[in-house]
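Line by line, the protein sequences are chains A, B and C. Residues in the first sequence are numbered consecutively from -15, following my numbering. Residues in the second sequence are numbered consecutively from 81, following my numbering. Residues in the third sequence are numbered consecutively from 342, following my numbering.
Just so you know, the hints here were simulated from the structure itself, not pulled from any lab data. If you're wondering where the values come from, they're calculated on a predicted model, not measured in any experiment. Heads up, the beta-carbon is just placed ideally off N, CA and C, and yes, glycines get one too. Do not rely on the hints blindly, as some may be mistaken.
[What the hints assert, rightly or not] Cut-off 20 angstroms, straight-line C-alpha distance, at most; resulting in silico cross-link-like pairs (PhoX-like, lysine-lysine):
{"id": "1", "chain 1": "B", "residue 1": "Lys101", "chain 2": "A", "residue 2": "Lys133"}
{"id": "2", "chain 1": "B", "residue 1": "Lys176", "chain 2": "A", "residue 2": "Lys134"}
{"id": "3", "chain 1": "C", "residue 1": "Lys468", "chain 2": "B", "residue 2": "Lys94"}
{"id": "4", "chain 1": "A", "residue 1": "Lys92", "chain 2": "A", "residue 2": "Lys134"}
{"id": "5", "chain 1": "B", "residue 1": "Lys94", "chain 2": "A", "residue 2": "Lys134"}
{"id": "6", "chain 1": "A", "residue 1": "Lys138", "chain 2": "B", "residue 2": "Lys87"}
{"id": "7", "chain 1": "C", "residue 1": "Lys468", "chain 2": "C", "residue 2": "Lys350"}
{"id": "8", "chain 1": "A", "residue 1": "Lys53", "chain 2": "C", "residue 2": "Lys698"}
{"id": "9", "chain 1": "A", "residue 1": "Lys133", "chain 2": "B", "residue 2": "Lys184"}
{"id": "10", "chain 1": "B", "residue 1": "Lys87", "chain 2": "C", "residue 2": "Lys779"}
{"id": "11", "chain 1": "C", "residue 1": "Lys670", "chain 2": "A", "residue 2": "Lys53"}
{"id": "12", "chain 1": "C", "residue 1": "Lys418", "chain 2": "C", "residue 2": "Lys468"}
{"id": "13", "chain 1": "A", "residue 1": "Lys128", "chain 2": "B", "residue 2": "Lys101"}
{"id": "14", "chain 1": "B", "residue 1": "Lys87", "chain 2": "C", "residue 2": "Lys426"}
{"id": "15", "chain 1": "A", "residue 1": "Lys92", "chain 2": "B", "residue 2": "Lys94"}
{"id": "16", "chain 1": "C", "residue 1": "Lys672", "chain 2": "C", "residue 2": "Lys500"}
{"id": "17", "chain 1": "B", "residue 1": "Lys94", "chain 2": "A", "residue 2": "Lys138"}
{"id": "18", "chain 1": "C", "residue 1": "Lys682", "chain 2": "B", "residue 2": "Lys95"}
{"id": "19", "chain 1": "A", "residue 1": "Lys133", "chain 2": "B", "residue 2": "Lys176"}
{"id": "20", "chain 1": "B", "residue 1": "Lys101", "chain 2": "A", "residue 2": "Lys29"}
{"id": "21", "chain 1": "B", "residue 1": "Lys176", "chain 2": "A", "residue 2": "Lys138"}
{"id": "22", "chain 1": "A", "residue 1": "Lys(-6)", "chain 2": "B", "residue 2": "Lys123"}
{"id": "23", "chain 1": "C", "residue 1": "Lys377", "chain 2": "C", "residue 2": "Lys418"}
{"id": "24", "chain 1": "C", "residue 1": "Lys500", "chain 2": "C", "residue 2": "Lys468"}
{"id": "25", "chain 1": "C", "residue 1": "Lys500", "chain 2": "B", "residue 2": "Lys87"}
{"id": "26", "chain 1": "B", "residue 1": "Lys235", "chain 2": "A", "residue 2": "Lys134"}
{"id": "27", "chain 1": "C", "residue 1": "Lys779", "chain 2": "C", "residue 2": "Lys670"}
{"id": "28", "chain 1": "A", "residue 1": "Lys98", "chain 2": "A", "residue 2": "Lys53"}
{"id": "29", "chain 1": "C", "residue 1": "Lys350", "chain 2": "C", "residue 2": "Lys377"}
{"id": "30", "chain 1": "C", "residue 1": "Lys500", "chain 2": "B", "residue 2": "Lys176"}
{"id": "31", "chain 1": "B", "residue 1": "Lys87", "chain 2": "B", "residue 2": "Lys123"}
{"id": "32", "chain 1": "B", "residue 1": "Lys94", "chain 2": "C", "residue 2": "Lys779"}
{"id": "33", "chain 1": "A", "residue 1": "Lys98", "chain 2": "B", "residue 2": "Lys184"}
{"id": "34", "chain 1": "C", "residue 1": "Lys388", "chain 2": "C", "residue 2": "Lys377"}
{"id": "35", "chain 1": "B", "residue 1": "Lys173", "chain 2": "A", "residue 2": "Lys138"}
{"id": "36", "chain 1": "A", "residue 1": "Lys128", "chain 2": "B", "residue 2": "Lys184"}
{"id": "37", "chain 1": "C", "residue 1": "Lys685", "chain 2": "B", "residue 2": "Lys95"}
[Said to hold, decoys possible] Chain C is faced by these chain A residues, among others (derived, beta-carbon under 8 angstroms):
{"id": "38", "residue": "Cys6"}
{"id": "39", "residue": "Asn7"}
{"id": "40", "residue": "Phe26"}
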Amino acid sequence: MSLKSSILKKSIWVFHLNTGSCNACDIEILDALTPYHDAERFGVKLVVSPRHADVILLTGPITAESLPKVLNAIEAAPRPRIIVALGSCGSGGGIWHDTYSTIGGVNKLLEILKERGIEVDAVYYVPGCPIRPEALLYAVAMIKGIVSKKREMKIYRAD
Amino acid sequence: MSIKPVKLVIIAGKKGRVTVKYPFQEPVVTSEFRGEIEIDPAKCIGCGACVRACPPNALELLESEKETILRYFVGRCIFCWRCVDVCPVSAIKGTKNFELATDKFTDLYTLIVHTRVICELCGTPAETVKMQRYITEKVPISEEYITTCPTCRKKQFVEKVATRMVGFSELKK
Amino acid sequence: MPNPEAVTKYIELAEKNSGVIHIEGDTVHIMVPSSKLVDVADAVFNKYNCSFRVCAGIDERPINGHFSLVHLFTDDKAGYYVAIKTYLSGDNPVAPSIVSVVPAADWCEMEARDLVGIEFTGREVYKLVLPLWWPSNLHPLRKDVPYNYRPELRIESEKIGSSSEYGVIPLGPYHPTLHEPEYFELYVEGERIVDVKYRGFHVHRGIEKLAESRMSYQQINFLAERICGICGFVHSTCYALAVEKAAKLDVPERAQFIRSIVLEVERIHSHLLWLGVAFHLLGYDAGFMHVWRARERVMWLAELLTGSRKTYGINLIGGVRRDINEDKKQKALEALRELYKDFKSLVEVALSVPQVKRRLTGTGVLPREDAIKLSVEGPTARASGINKDARRDLPYAAYKYASFRVPVYSEGDNLARALVRVDETFESMSIIEQLLDKLPSGPVLLSDFEIPEGRVGVQVVEAPRGGDIHYVVTGRGAPYRWRVRAPTYANIPALRVMLRDQPLADAPITIASIDPCFSCTDRVVVVRDGKVEKIKLIPVV
């Protein structure tokens, strides 16, 4: 989508959305802003309201209690909406992907968003537990087009 | 008026710039870091020990009629390397790779496909060919048991013992 | 070390109340009928001055057809754990509430009510842990409910309250000062906070039920580490120590030393994190950046020793997975020396900045009597004059081989809590140097062992925020019941007293001064500060 690529050539303002994570990924997000990693080189800034956000950083396996509030926050973000699902909890539901209190990762959330008519333009997955600040910077650089992705699906035959 | 706060500026000046300009510079990664795992398809026997040890079920065994697939989902991996500890043939190796971000969900899978042994007597699939070869190399098993599934093996064994002890052909009448 | 003479008073107490007593190691198990529960709890808490830790409800119907309820106390002066257990009927479990004599037991009773279905008499009840729309007859921790059964999702949230006399400010669940989702509703009169309503539990993930069903003993170490991302190694070590105590395993000494060293590294990183965040909340961002710059070296040290910057993953039942060789030891000592020089000059300057010093002094005062009644933990207790530290009172791992000072201040305000943490950081650096010096040789992991069924293990470990307790009942292949209580849970009631009559601008730093870790906790607190009324708890309905 050309609107997305022209916007993202400039600074990216991120909104940090914690949907019930253990906080390890969240303190590594804060760590990415400190002098050793300095995410502000890419123009990344943490904003206070989803209405100012370009990219939503999602951590945590979305819990049943926080689901309505997460939907409100994502709906408040203006188009183009880009969600970056951080960590093992965000990408695949985490170590508790099938308990009674969680819904199982960002893919289930995308289904619920589609049912309600909220469109998401791109989703990025960043595995890690917790993610390194460098992995987050790698994802930001990938969104801006500086580096290309390295991980691909591999199928092998064992015999 | 205290001039102590100004000392912070002096401290900052002495430290200088500490930023490591990743991705244009190499990041600081120690020798012990645990990154992604790599499974060697030539060594893997499809036994499932890693599947049982994995806390978030990132490694799964998917079984179909003819094949068993070991699927590694790096999205849910917690990088604990328990699979590296428990693999009996040391087929799993750890790497220092952490640059795993992607925008396509299927990029996060790695599949290893094994063929299964089909039972000669009843036709149901049993364990994988490579696991059978691994077991028979360690423990001598007679020919007739190798090509059958566990249920048929049990039946065969019981019949043999019964024939020797009671004279099974007598019982059949 | 436990003092054997101190046990006689518990034997007398059990006999007087028709109970059965059984002493194993440093744990005193007392089983009483449910009618005597309140008297025994009163004697243990008020007469013998034990600290209350947690209560747990257990569904024992597959074993003996009953439910049971366990209250856990610790006798800090004598070094004993005291577990008071009572059995309840299997069809309709009803227990008397001990809140009238032990005010700190409020929330864990409500959690037992939500998750196990035990009813309590003699108190107000409310829904605490599960979402408000959860069906009231579905209790996830009962043995006949599968762990992955999800009732139909209802996507609706509560409406913001309204009041005609006070202004209403909704704070959260997503707010720039908060790292975790929690919802505060502040009722203000001008600049003064009058009432606070709080809805938490956005981070409840069903960990205790998961451990009983899908997991095995060794896998739960990794699950426990992810209860909290900042103090995760504490939970993992506490679980391993509790199971090893229950199964009476002889863990190699070198493994215990390595566990203590990594625990202290985690304490340093957590206190530096708190200091940075506190500066950020006060508006002093330069201090935040400098402290986190110094902290980065501690993260590299943790990665060198364990393999990961956070969620270390080196604990197993029976020992640890990684060793410390001579090269790592030298690098660790060098990193600590640099950190000492860096941090010492930094903290002197940063704490003398006028906006920091004047905003921290005299705000958020917690008097000593309230702190004792509410059984607060960690730096919050030590800043109010209570000399309590589980590393010295109930020694575990290798702490008996290190000598260290426990800093205690008596003012009880925000500055005292900050200074306790700064002092503890320097003490931790000294402990690590002592333990690295005395490291014994030998293996680091026990290989051949069995964990028998039906044993009980209780263990307290001093986290950066206070005492963390794990209670394990062993089963076959996985624990039968595992109860975790993190320290922030005991500190949040103290917010009632600390936020009394405070201006609105001081609320964030006061809340942050107890170092809340809501992913460990998820509890409800309500503050009412009237002009003439006393403080009392109001349930959130």
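| message | If you test the structure against every hint from before, which numbers come out violated? | response | Of the numbered hints, 3, 4, 5, 6, 7, 8, 10, 11, 12, 14, 15, 16, 17, 22, 23, 25, 26, 30, 31, 32, 40 do not hold.
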